[in-house]
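*Asks:* Here is how the chains run, residue by residue.
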Amino acid sequence: ADAPKAAPTKVNLAADPNAKDLILKGDAKCTGCHDEADEPTGAGTMLELNPGVLAIGKTKHGVKADKRTPTCTDCHGDSEKHRTHKGSDKPPKVDRSFRSHTPTSAEQRDAACMSCHKGGNRMNWPGSQHANGDVSCNACHKVHSKKDLVRDKYAQAEVCYTCHKDQRVEMRKPSHHPVNEGKVVCSACHNLHGSTGPKLLIKNTLNETCYSCHMEKRGPFLWEHPPAADNCANCHVPHGSNNTALLKTRQPYLCEQCHDYTNHPGNVYSGSGLPPNGAAQQMVLRACANCHTQVHGSNHPSGPRFTR
Amino acid sequence: AQTDGPSEEVLNLIRPDSEISFGVLDVSKSSYKFGDYTGMHKKGAHLNGDVRVNMRGEGNANYLEIDATNLGLDSRNFKIKGGEQGNYGLSLEYDEISKLWYDSYQTPYVNPGSTRLDLPAGWVASATTPGMTQLTGNMKSFNIETQRKSVAFGLTKLLGGDWDVAVDFKHETKQGNRLLGAVFGNSGGNPRAAVLPEPVDYVTRQFNLSARYTTDKLQFQAGYSASLFDNKKPFLQFQNAYTTIAGWTAGTGFPAYGQIGLPPDNQAHQLSASLGYQLSKATRLAGTFSYSRLTQNDSFLPYTSNPVLVITNPMPRSSLEGKVNNTHLDMKLTSKLSSDWNLVAAYRYDDKANKTPQSLYDYIGGDSTNQNVVANSDRWRTNLPGSSTKQLIEVEAIYRLSAHTKLKFGGEYEWAKKTFEAVSNEKEHTLKAEVHHHFSDTTAGGLSYAWSDRQTSDYLFAAPFAASFAPAYVAAQSWDNNPFQKKFFMAPRTRDKIHAFVNFEPMEKVDVHLGFDFKDDNYTKSYYGLQDARGYGANVDVNIAATDALTAHVYAAADRYTNFERSNRLAAGCGGGKANPTAPGCDWTANLSDHNYLTGLGLRYRPGEKYEIGADYTYSKSIGKTDMWAAAGTTGLLPLPENTNTLNRIDLFGRYALQKNLSLNVKYIYERFQATDWALEGLTPASMANVIGTNQVAPNYSVHALGVSLSYQFK
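As given, the protein sequences belong to chains A and B, one line each in that order.
Just so you know, we're using my numbering here: the first sequence kicks off at 6 and counts up by one.
Just so you know, we're using my numbering here: the second sequence kicks off at -13 and counts up by one.
None of these hints come from the bench; they were simulated from the model.
Even for Gly, the Cβ is constructed at its ideal location relative to N, Cα and C.
Careful, some of the hints might be misleading.
To be verified - No more than 25 Å apart at the CA atoms, straight line, and that leaves these computed lysine to aspartate or glutamate pairs for DMTMM-like:
# : chain 1 : residue 1 : chain 2 : residue 2
1 : B       : LYS418    : B       : ASP497
2 : A       : LYS152    : B       : GLU51
3 : A       : LYS95     : A       : ASP79
4 : B       : LYS85     : B       : ASP60
5 : A       : LYS158    : B       : ASP60
6 : B       : LYS267    : A       : ASP79
7 : A       : LYS222    : B       : ASP216
8 : B       : LYS85     : B       : GLU158
What the hints assert, rightly or not - Residues from chain A that face chain B, not an exhaustive set, calculated with beta carbons under 8 Å:
#  : residue
9  : ILE28
10 : GLU53
11 : PRO56
12 : GLU85
13 : HIS87
14 : THR89
15 : VAL174
16 : PRO179
17 : ARG223
18 : VAL273
19 : PRO280
20 : CYS296
21 : ASN304
22 : PRO306
Produce the entire structure from the sequences given, and follow the hints as far as they go.
*Replies:* What follows is the structure, given as C-alpha cells:
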C-alpha cells in the first residue's frame, strides 16, 4: 500500500524575478512562479499544478519566432493580482480564465481568440449559433494540448457529440456518412465558426454543400426531378438513417408521399407483396428504383420518367 | 529558480514530439459491412502503420508536419504540411475512401463492371423471369463498391499590409460500381428490368483561390472557385434478357441492347466577396455576395440505341446547353445594445435562374417501341428547367435576465418563388423562444421552442403536367397526379420543435447530461400525401473522473421517427379512378416508424507513463415498422415484418512502454451485426416476374480484429 502522504509544506509562493522565458515572450511572469525555498513541494507552483500548460510549446501558439504568437497575458489578461500574490494560500484567479465554471464570460473568452483569429472562416462568428449559445472557442479547442482533438479527423466528431447527442445516435445507424470512421469530419459540411448558409453549412445552400462531394447529382439535367433539385433533404437525411442511401423513409412509401396515380404509384403495398405471398416489383429489392433509377435527374432524351 | 535553462523534464513538455507506428492487423472474416469506409473488409493479416511527425525549427518558425493513418488499408490517408509560420504554408494530402455497398450481389451478366453488359451464351429469353431457364445457374457474385482517391494541394501566403492569399486544388477519382435498375419497355405499361452494376468512373477537380484583408475593424475576402465533374463512362448498354413482349416493337427483345445515360459532365464557377466591418465597438456588419454559373452540355445519347426502331422526329438539339446562374447575398448585423441585450438581424437572398433552353422531345420508352408521332401521345415532352428565388429575414434578441438566466427570442420570415411547380409562392413564419438557466454552480438547464407555419399560393396540381406534356394529351387526361394530394416539400405545413436539457454534477467529478428533443411536421392541408412527420429523442450521458488515472463514461439514447401518409388507389374496383379521386373505398394509409436505441460504455485507465488501457462497448438497435391500413374491401392486405439492425461492438486497446521511446500497442475489435430487411429476404432471381433479382441478403456477421504494433517516439 502507498505510504501515507506528508502534509503539504507551508510555502510562500512568488514570481522569480530572475526566471527566463520557457516558450513565449514574457511567459516567465507566469512560468516563473515558485516557492521561495526553491523546493518542489507539489503545494501549488504553477508548473507543479499544471505542467500540461507547457504543451503549448508543441503547438503553433508556441512558436516564438512567429511574431504574431501571443504570450500568456495576451489571452489570460495581465492578471496583476494573481501574478503578484504572495503566500501559501490560493492566489486570485487570472483576469481571463478558460477553465470550467470560470467567471469569465464566453464572450470575454472569445474576445481573446478573436483578437487574432478574425476574418476568413471566422468572419461570421459574431451572432452565429455557437456564439449566441455561449459556446466559446475553448469549449471545442484545446490550446494547451499538443493535439487539438477537434482538428483531428478521428476525434472531431466526439467533440461535437459532447453537445450534439442526436447526431451521435444517427451516425450509428446502418446508413451514415463515414464520420465515426474518420473519413469525413463534421467540419467538411459545417462551418462551426458561423456561416452564410442554413445550419452552419459551409456553402450558401444545402444542395451546394452536398454537391461538394456528389457533383454527379448537380446537373443541370434535361429532365429534372423537382424535389432533388430543390433540396436534397426532401428525401435524404444528412447524418444517418435506417434506410439505404440515407433515405428519410423506405421505398416505395417515400415516393408515394408525392406520387399517386392510376396503376402502381397509388397502389397499397403490404405483406402480400413479399415472399412467400408474392414479390411486388415496385416494393422489393430497389422498389420504385428497380425501374425509375435516375431519381436525381436524367440527361437522356428518352428519360422523362427517369428510366434512362 | 530556472536560471540555467529548462530541465530535461520541462523540455519534454515543451518540444513537439513525433511517432511512427507499424504493425499487423488480423481480421477474422471478410465482410463488406464491417469494412465499409474502414478498409478492414478482407479476411487475414494486413501490415498497417501510422506516422505522426511534428517538427519545428530551433529559433525560427519553420515547421514540418506529417500525419499518415491506416497506411496498409484501403482507408489510408497521408498529409504533409510545411512552411514558415507567419509567412507561407504548403500542404499535400492523399486520401482514399472505400464505400463497400454489397458483397452478396449476383448477376447473370458475364462481364459486370463493363459498359456493355452481355448475357451468357445459350441464354434462353422469356417474357418473364420464371421462363429464363439459364438464369439461376448463371448467377455469379460481383462485389459492388466504389473507391475515392484524392490528391489535394494547398498554399497559403501572408503578404504585407494585412493581406494574405490561399490557393487549393483537389483532384479526385471515384471508380467502381453501384447498382441501378435497367429497364426495357415503358414505365406504366410493359416494363421489364434487371438490377445491374453501373460503372462509376468519375474525375472531379476543385480549385479555390482567395485573397483576404484583415484588420481589427475590417475584414474582406474575395475569391474564385471552380468545380469540374467529368464522367468517363457516360452510358451503360445492357443486353435485353426478355423476349419481345406485347406492346414492344418486333426485334427489341433478346439479343437486342438497351442503353441508359449516366451522369453528364458539368461545371460550376463561382465568384464571391465577403465583408466584415466593425461599425462601432458594439455593432458589426457582415455579408457575402456570390455569383455562380453551372453549365452542362454533354452530347445527348440517341433516343434509342436499338437500330430496329424507327425515329421519325429527330431530337430538337444535340446537347442540353444547360445553364444555371445562382446569385447569393446575405447580410448580418450584430449589436450589443447594452450589457444585457444583444441583437442579431440577418437577410438572405438565394436566386437560382435556370437558363436552360426548353425543347420538345418525342421520346422512346425504354428502347422498346417506335416513336409515337400522334399529337395526343404521352411521349411528347417538354423539359421544365425550374428556377427559384428564396429570401429570408431573421431577427434574434438575446436578453440576459440575470447572471444566471439568459433568454432568447427570435423570428424568421422566409418566402420563395418557384417556376414549373404546382406552387408558385411559399412563405413561412417562424417564432422561437429559448431560456438558459444556471440553477447553481453545478446545475444548468435550457428549454427552447420553435413554431413555424408555411403557407403557399394555390396548389395548381396540374401545372407541371400541363407545361410538360403535349396539349392534346393534357386535354384528354386533365391531370397525372391525384389533385387531392399535395407534395410534402411544397405543401402547407406547421412545425413544432422543442429541445430541453439539464446538465448537473451530482457529486464531484461526475457530470450528467439529460436531453430531450421533439419535432412535429403537420401537413394541415394535405388530404392525401404525407400527413405528419414526428420525431422524439431522449438521451442521458454520465462522465466520471474517478481518479486522475481512471475515467469512465456511459451514455444511452433513444429516438423514434414516424411518417404517416395517406393515399388513394384510384382503381375502378374500389369505386375510384380519375373521375373520383377521393373514393373512400380506395383509401389507404401507411404509418412508418423507426425506433433507435444506442448505449455506450467506456473506461480509460492511465496510471502513469508506463501503460494505459481502455475499453468501449457499443450497442445499437434499430427497428423499422410499417403499419398499413386500407379501406374495407381491400383484398390482399397483409402485415409487414419489422426491419431490424442490431450492432454489438467491443473495442479494447492498450499501450505499454517497452523502453523510453518504444511502446507496444494492442487493439482488439469484436463486432456482431445482424440485420433483417424485407426488401431482400426470400427473393430468388426469378421471384419477380418482370425484374431479374440479385440474390442479395441483409448483412449478418461476427468479426474479430486484432492489431499489434510498435510505436517509436522521437523529437
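*Asks:* Each hint needs a verdict: does it hold in this structure or not?
*Replies:* Status of each hint after checking the structure:
no., hint, verdict
1, B:LYS418 with B:ASP497, "violated (29 Å)"
2, A:LYS152 with B:GLU51, "holds (12 Å)"
3, A:LYS95 with A:ASP79, "holds (22 Å)"
4, B:LYS85 with B:ASP60, "holds (10 Å)"
5, A:LYS158 with B:ASP60, "holds (16 Å)"
6, B:LYS267 with A:ASP79, "holds (19 Å)"
7, A:LYS222 with B:ASP216, "holds (12 Å)"
8, B:LYS85 with B:GLU158, "holds (15 Å)"
9, ILE28, "holds (6 Å)"
10, GLU53, "violated (12 Å)"
11, PRO56, "holds (6 Å)"
12, GLU85, "violated (21 Å)"
13, HIS87, "violated (19 Å)"
14, THR89, "violated (17 Å)"
15, VAL174, "holds (5 Å)"
16, PRO179, "holds (5 Å)"
17, ARG223, "holds (5 Å)"
18, VAL273, "holds (4 Å)"
19, PRO280, "holds (3 Å)"
20, CYS296, "holds (4 Å)"
21, ASN304, "holds (4 Å)"
22, PRO306, "holds (5 Å)"
When the structure is compared with the earlier hints, violations turn up for hints 1, 10, 12, 13, 14 and for no others.
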